[in-house]
Amino acid sequence: MPIPPEAKKLLLEKGVSGISDPPGRIRVYVETFEDIEKLPSFIAGYSVEPIVSGRFFALQDRRAKWRPAPGGVSIGHFNITAGTLSTRVFDTTTRTRLILSNNHVLAAGNQGSPGDHIYQPGTYDGGTDADTIARLERFVELRPSEENLVDCAVARPLNDADLSDEILDIGVISDIEPAVVGMPVMKSGRTTAYNESTIQDVNATVNVSGYPWGVTIFKDQIITGLMASGGDSGSLLVGKTTKKAVGLLFAGSSMLTVHNKITNVCNLLNIDFATAPPPVQASMPGLLTAFMAAGLIPGIIRGE
Amino acid sequence: MVQLTIQEAVENAKRQFLSLPGVTGVSHDGQSIIIYIETAEIAQRISASFMGYPVKAVVSGKFGVL
Chain A
1 MPIPPEAKKL
11 LLEKGVSGIS
21 DPPGRIRVYV
31 ETFEDIEKLP
41 SFIAGYSVEP
51 IVSGRFFALQ
61 DRRAKWRPAP
71 GGVSIGHFNI
81 TAGTLSTRVF
91 DTTTRTRLIL
101 SNNHVLAAGN
111 QGSPGDHIYQ
121 PGTYDGGTDA
131 DTIARLERFV
141 ELRPSEENLV
151 DCAVARPLND
161 ADLSDEILDI
171 GVISDIEPAV
181 VGMPVMKSGR
191 TTAYNESTIQ
201 DVNATVNVSG
211 YPWGVTIFKD
221 QIITGLMASG
231 GDSGSLLVGK
241 TTKKAVGLLF
251 AGSSMLTVHN
261 KITNVCNLLN
271 IDFATAPPPV
281 QASMPGLLTA
291 FMAAGLIPGI
301 IRGE
Chain B
1001 MVQLTIQEAV
1011 ENAKRQFLSL
1021 PGVTGVSHDG
1031 QSIIIYIETA
1041 EIAQRISASF
1051 MGYPVKAVVS
1061 GKFGVL
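Protein chains in written order, with my numbering: chain A, 1 to 304; chain B, 1001 to 1066.
Here chain A stands alone, though its shape is the one from the complex:
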């Protein structure tokens, strides 16, 4: 039985994921249970059989080479395995498009130097020097014996056209917002792809193992439910309803996931998400960053 044209028209309807023609009926795949109510009972004399399938996505190999490279795919300093390309951000001063991720992904945990090659995909996923997408621009130095706020770094693409504005399965993010307990959030990462959780804590000070020198303390951190695994470091934490950046994923356990606050990341790296230049107005975080970069406040930022 060929699928009647009336049934094919359903594919244009919002919430319809697919159709097929098993004997004697028209099967319609829909995204949600609510979408069933919009379907007719019969099409061209055949009964309609609704099946809730969710939304279909093309299977994406996040460990492959992507050009332009979106957020949510494999990336890393030549001397590490692989982490996640968070998203494109803008240098607040120059408006240059930059790649955001963690210090331990782009700067090998303080061991990298500005100008180092950044591979996409990372070495663990087969990346070689031929896959260099960017050079390390700057990073916030991790301090082994003090409380840290962030594990973050930025890299400058060799070719601006090689960097996409989008994050896989999330879209384009152009603003930030503060983290709030109870906020539904989502992330897109190299290893566990897209998933969702809820913010459980916004005041945490945590011990994190796995740095070259051992355990490191981070304060003012966000904790969510489990939403990541090894290689997801660098994923952007995004508010599910607002689609604004909230955090930068960098650590976790088998039960919970830990994220830097995006406000701290932006202030200390002198970056933003705005597609239009921010108003020309000196802010305290901006001045602080400028003083740090100029060496007037002892070295926190490395690079530039």
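Don't read these hints as lab results, they were simulated from the structure.
Keep in mind the model is a prediction, meaning the values are calculated, not measured.
Built from N, CA and C at the ideal position, the CB exists for glycine as well.
One or more of the hints may lead you astray.
Listed next, the in silico DSS-like pairs over lysine-lysine satisfying Cα-Cα at most 27 angstroms (straight line) [claimed, not checked]:
hint, chain 1, residue 1, chain 2, residue 2
1, A, K240, A, K38
2, A, K219, B, K1056
3, A, K9, A, K38
4, B, K1062, A, K65
5, B, K1062, A, K219
6, A, K219, A, K243
Just a sample of chain B residues kept apart from chain A, beta carbon distances all over 10 angstroms, derived [unchecked claim]:
hint, residue
7, L1018
8, A1043
9, V1065
Take the given structure of chain A and dock chain B to it, following the hints.
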């Protein structure tokens, strides 16, 4: 006795608990101090209150870079 603010109590809790084996973090929710611990057994070593604030122990597992 003057009661510390919860932020002050948290700073003290960080000094007291964060270096203990099995303690993975310290936080607060405005009313209580939260102590993150690797396993439930460690909760026995955490007091029920600290500097006038109730203490909640939350099993987190061990945090590592991802």
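Right, here's what the structure says about each hint:
1. A:K240 with A:K38: holds, 25 angstroms
2. A:K219 with B:K1056: Judged against 27 angstroms, a Cα distance of about 18 angstroms means the pair holds.
3. A:K9 with A:K38: holds, 13 angstroms
4. B:K1062 with A:K65: violated, 32 angstroms
5. B:K1062 with A:K219: Status holds; Cα separation ~16 angstroms.
6. A:K219 with A:K243: holds, 25 angstroms
7. L1018: violated, 7 angstroms
8. A1043: holds, 15 angstroms
9. V1065: violated, 4 angstroms
Checked against the numbered hints above, the structure breaks hints 4, 7, 9 and satisfies the rest.
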